[in-house]
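All chains should be modelled from the sequences, with the hints used to inform the complete structure.
Protein chains: 4
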Amino acid sequence: MREFVDEIANQFFARIECDGSSFDEKNLVLELRSVLPAYSEVIINPKVEKRIVIMVTKEYHCLGDALIRNYFNTLNANVCCVIGNYDTLRELTKKYEVPFYHVSHENKTKLVFEEELKTIINEYEPDYIVLAKFMRILSPEFVSHYEGKLINIHHSFLPAFIGASPYRKAFERGVKLIGATAHYVTNDLDEGPIIVQQTIPVNHTFTVSDMVISGKEIEKSVLNKAMQLVFQDRVFRSGNKTIIFE
Amino acid sequence: MREFVDEIANQFFARIECDGSSFDEKNLVLELRSVLPAYSEVIINPKVEKRIVIMVTKEYHCLGDALIRNYFNTLNANVCCVIGNYDTLRELTKKYEVPFYHVSHENKTKLVFEEELKTIINEYEPDYIVLAKFMRILSPEFVSHYEGKLINIHHSFLPAFIGASPYRKAFERGVKLIGATAHYVTNDLDEGPIIVQQTIPVNHTFTVSDMVISGKEIEKSVLNKAMQLVFQDRVFRSGNKTIIFE
Amino acid sequence: MREFVDEIANQFFARIECDGSSFDEKNLVLELRSVLPAYSEVIINPKVEKRIVIMVTKEYHCLGDALIRNYFNTLNANVCCVIGNYDTLRELTKKYEVPFYHVSHENKTKLVFEEELKTIINEYEPDYIVLAKFMRILSPEFVSHYEGKLINIHHSFLPAFIGASPYRKAFERGVKLIGATAHYVTNDLDEGPIIVQQTIPVNHTFTVSDMVISGKEIEKSVLNKAMQLVFQDRVFRSGNKTIIFE
Amino acid sequence: MREFVDEIANQFFARIECDGSSFDEKNLVLELRSVLPAYSEVIINPKVEKRIVIMVTKEYHCLGDALIRNYFNTLNANVCCVIGNYDTLRELTKKYEVPFYHVSHENKTKLVFEEELKTIINEYEPDYIVLAKFMRILSPEFVSHYEGKLINIHHSFLPAFIGASPYRKAFERGVKLIGATAHYVTNDLDEGPIIVQQTIPVNHTFTVSDMVISGKEIEKSVLNKAMQLVFQDRVFRSGNKTIIFE
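Residue numbers (this note's numbering), protein chains in the order written: chain H, 1 to 246; chain A, 1 to 246; chain W, 1 to 246; chain D, 1 to 246.
Hints are computed from structural coordinates only; laboratory data are not their basis.
Among the hints, a few may not be true.
Unchecked claim - When the alpha-carbon atoms are kept at most 30 Å apart in a straight line, the in silico DSS-like pairs for lysine-lysine are as follows: (1) Lys50(H) with Lys50(D); (2) Lys216(W) with Lys94(D); (3) Lys216(A) with Lys225(W); (4) Lys95(H) with Lys94(D); (5) Lys50(W) with Lys169(W); (6) Lys94(W) with Lys110(W); (7) Lys169(D) with Lys216(W); (8) Lys58(A) with Lys216(W); (9) Lys58(H) with Lys94(D); (10) Lys108(A) with Lys241(H).
Written out as C-alpha cells, the structure reads:
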C-alpha cells in the first residue's frame with residue numbers, strides 16, 4: 001500500500017495491491033464508497049494487459065525495444081499496431097507480425113492527417129498511444145481527444161531544450177550531461193506531466209552526433225520505464241504533476 | 001597526455017603531465033615554442049597550490065566543505081579569505097582561522113558594494129574567486145575585471161531553471177530530477193562555460209524544502225569537483241565551452 | 001503512510017506520519033493495540049533529535065561533515081561526543097565545542113580497550129553509535145551490548161571486498177566502479193544489514209590513492225544518507241535486511 | 001590521441017585517431033617502428049566492422065538488442081551467426097535472417113559439446129565471440145583456443161556474487177544495488193579483465209524476480225557498451241585489467 005497527500009492540490013491518493021482468491025470486488029467497492037467522500041474516484045482491479053498503439057517517425061530504437069518486449073510478453077501491454085508518418089519502420093514491425101500503417105503527413109492539412117490517424121487508432125480502442133519518437137506536433141484537438149492516453153518521449157531533460165533539435169542546443173551550450181523525459185502529452189508543447197527522467201554524462205569530445213547516439217540509449221530506457229509504470233497502474237496525475245507509487 | 005582538437009573553434013589543446021627530476025623547464029619552453037605556431041599559448045609548470053577567495057551569502061554547506069578540505073590540505077588551494085554579504089558564516093569561518101569580511105550590499109549602490117569587494121579581493125591577489133552560494137548578481141564591470149577567475153555554483157541543471165528560485169520552479173514543473181552546475185561566470189547570467197553538472201532523482205513526495213536539502217548535497221559535490229579540476233589545471237576554455245582533461 | 005509485507009519473514013511493517021495538534025498519543029496506542037496482534041511492536045512519537053556518539057580513527061571526511069551538520073542543526077541528531085583511537089581528530093572536533101576522547105587501543109587487551117570505550121559511551125546514553133571510519137574490529141561482546149545501535153561505513157560496495165584494504169583489492173581486480181556501504185554492525189564482519197549503498201565510476205587511470213580520494217566522497221555521502229534515514233526513524237530491520245520507508 | 005603509462009606493468013599505451021585522405025599507412029608503420037622499441041606492438045588501421053558470433057542460452061534481452069542494432073548497422077560489427085545451447089531463441093534470430101545453430105550440451109561430454117561449437121564458430125572466422133547470457137561454463141581448452149576473443153556479460157557487479165544465481169544471493173544479502181559486468185573470459189571463472197560495470201539501485205520491495213527483471217536492463221546496457229568499446233578498438237588489455245580510451 002502506498003499513500004500520498006498532495007497538500008497543494010488538497011488531494012489524497014492511495015494504491016493498494018492485494019493478493020488472494022477470496023476477494024469480492026463488488027463488496028470492496030461498496031465498502032470503500034461508504035467511507036470515502038462522494039467525489040472520490042475508485043479504480044478497482046484494472047485489466048492486467050493494456051492495449052497500446054505506437055506512433056513513430058524514422059528512428060528505430062524505442063520501437064525495436066518495445067516490439068521485442070511485446071513479442072516475449074514482458075511489456076505489460078499488447079501492441080495493437082504501429083503507425084508511422086514515414087514508411088521506414090515497416091519492415092522492423094512486420095518481423096513481429098504487428099500491423100504497420102504508413103500515414104504520411106505530406107501534401108495534406110494537419111486536420112486530414114490527424115483524421116487518418118484517428119481512424120486507425122480508434123479501430124483498435126487502445127488504452128494508451130505511445131509516441132516513440134513521433135516527430136510531428138499534434139493539434140490541440142487531437143491531444144484533447146486522447147486526453148490522458150498519450151505518452152511521449154522527449155530527447156532532453158525537460159525543461160531544458162524544449163522544442164526541436166535538443167542535442168544540437170545541448171552541444172552548443174556545452175552541457176556536461178544529456179537526458180530524456182517521458183511525459184503525458186498536453187497542449188503545452190513539452191510541458192505535460194513528467195513520468196520519468198534520466199540523465200547521463202557527456203564531455204567535450206562528444207559531437208552532436210555522439211550525443212544523439214548516447215541519447216538514444218537513455219530515451220529507450222526512459223520510455224520503457226515510463227511504460228512499465230503506467231501499464232502497471234502506478235502513475236496518477238495531479239494537476240501537471242505525476243504521483244508515482246513505484 | 002591528453003589532446004583534443006576542437007574542430008568548430010579550429011583549436012588544438014594538449015595537457016602533458018611529467019614526472020622526474022632532470023627536467024629543464026626553460027629548455028622545454030624553448031623547444032615547444034620552436035615547433036608550435038607563434039600564436040600558441042604554452043603554460044608550463046603551474047603552481048601547485050592556487051590562492052582563492054570564497055564569496056558567500058548565508059548558506060553554509062559549500063563553504064563548510066571547502067574550509068575542512070582547506071584545513072586538511074586536500075583542496076589543492078589555499079583559502080585566503082571569505083567574504084559574505086551577510087555576517088552569518090563568520091563563526092564557521094573563524095573556526096578555521098581564515099579571515100572573514102562582512103561586506104553588506106545594503107544601503108549602497110552596486111558600484112560602491114563591488115568596490116568594497118574588490119578592495120578586499122585585490123589585497124589577496126587570488127588565482128580564483130569561488131562564489132559558494134553568493135546570491136547577488138555581479139555587474140559586467142566586476143565580472144570583466146576578474147575574467148576567467150570567477151567560478152560559480154548554480155542550483156539547477158542548467159540551462160533548466162535559469163535565474164532565481166530554481167527549486168521552486170523545479171517543484172512546480174514536477175521534474176523527476178534536480179541538479180547543480182558549476183560554471184565560469186560571464187556577463188550572460190547563468191550562461192558561462194559549464195565545468196561540472198550532476199543530477200539526482202526526486203519524486204512526488206519532495207516538497208520545495210526537501211528539494212533544497214537534497215540539492216545542497218549535489219551543489220556541494222559539484223562545486224568541489226569543479227574546484228578540484230580547475231585547481232589541478234585540467235580545465236581549458238574554448239569559447240563558451242570547457243575542455244576537461246580528467 | 002508506507003507499508004510492507006515481508007513474505008519471507010512473514011512480517012508486516014507500517015510507518016505513518018501524522019500532522020496536527022489535536023493528537024492524543026495514549027488513545028492512539030490503546031486503539032492500535034486493540035486491533036493489532038499481541039506480539040506487535042508499536043513505536044509512537046519517537047523523539048525528534050537522537051543522541052549519538054561518533055567513533056573515529058584518523059580520517060576526517062565523515063566526521064567533519066557530521067560536525068558541520070551538527071553545528072547547523074541539520075543532522076537530526078545531537079553529537080554528544082567523539083571518541084578516537086588516535087588523537088588525530090581532536091583539533092577538528094574541538095572547533096565545534098564537542099567533547100573528544102582519545103582512547104588508544106595500544107598496549108592493552110581488546111577487553112580493556114572496549115571497557116574504556118563503554119565507560120565513555122554509557123555516560124552519554126546515546127541512541128546510536130556511528131563508526132565514522134573507526135578502523136578497529138569490535139568484539140562480539142561489545143557489538144551485542146549495543147545491539148541495533150551501531151552504524152558503520154564500509155569502504156566498498158559490499159559484499160565485494162570484505163575486510164581490510166578494499167581499495168587496494170579493487171585496484172588489483174581492475175573494477176570499473178568503487179563504492180561504499182553503510183550498515184548496522186553485527187558479529188559477522190561486514191555482514192550486517194545494509195542501509196545505504198552507492199557506487200561511482202573509476203577507470204584505468206586511477207591509482208589506489210586516487211580511488212581512496214574518490215571513495216572518501218562516496219563514503220561521506222553514503223554515511224550521511226544512512227544517518228538521515230535512521231535518525232528520521234525510516235529504517236526497520238527484518239532479519240539481516242532493512243526495510244526503508246523513504 | 002590518448003596515452004597511458006601503466007607504471008605497475010611498466011607499459012606504455014597510446015591510441016591515435018587520424019582523419020584525412022593523404023595517409024600512407026606503410027610509411028607510418030615504418031616511421032613508428034623506427035622510433036619505438038623492438039618489442040612494441042603496433043596496430044594500424046583495424047577493420048571497421050568486426051565479425052562476431054553470439055552464443056546464448058534462453059534469455060532474449062541481450063541478443064534481441066544486438067540483433068536490432070546489427071539490422072540497422074549500428075553495432076560496429078556483423079553478427080555472423082547465433083549459437084544456442086537451447087533452441088529457444090531460434091525464432092527471434094531468424095526474424096533478422098541471421099543463421100541460428102542449436103548445439104545442445106545434453107547427453108554428451110563437454111569435450112564433444114565444445115568441439116561442435118568450435119566447428120561452427122571456426123567456419124565464420126569471427127573476431128569476437130560474445131557470450132550474451134550463455135549459461136554454460138567453458139573448458140580451459142576452449143577459452144585458451146579463443147584467447148582474447150571471448151566477451152561475457154555477468155549478472156552482478158563483480159567481484160560480488162561470483163558464480164551461479166547472483167540475484168538470489170543479492171536478495172539474500174539485502175543489497176541496495178545490483179549490477180552487471182562485461183569482461184573478457186579467462187580460465188578463472190568470472191575473474192577476467194573487466195571492460196564495463198554499472199549498478200542500479202534496488203530496495204526492500206524487490207523480490208528475486210524483480211531483481212532479475214531490473215538486472216536484465218543493466219545487463220543489456222553494459223554488454224552493449226562493452227561491445228561498442230571493443231569493436232571500436234578502444235580497449236587494451238594489460239595483465240588482468242583493461243585500459244579503455246573512451
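Each hint, compared with the structure:
1. Lys50(H) with Lys50(D): 41 Å, violated
2. Lys216(W) with Lys94(D): Measuring from Cα to Cα gives roughly 50 Å; hence the hint is violated.
3. Lys216(A) with Lys225(W): 13 Å, holds
4. Lys95(H) with Lys94(D): Roughly 10 Å separates the two Cα atoms, so the pair holds.
5. Lys50(W) with Lys169(W): 36 Å, violated
6. Lys94(W) with Lys110(W): 27 Å, holds
7. Lys169(D) with Lys216(W): 27 Å, holds
8. Lys58(A) with Lys216(W): 27 Å, holds
9. Lys58(H) with Lys94(D): Answer holds: lysine 58(H) to lysine 94(D) is near 23 Å, not above 30 Å.
10. Lys108(A) with Lys241(H): 43 Å, violated
Going down the numbered hints, you'll see the structure goes against 1, 2, 5 and 10, while the others check out.
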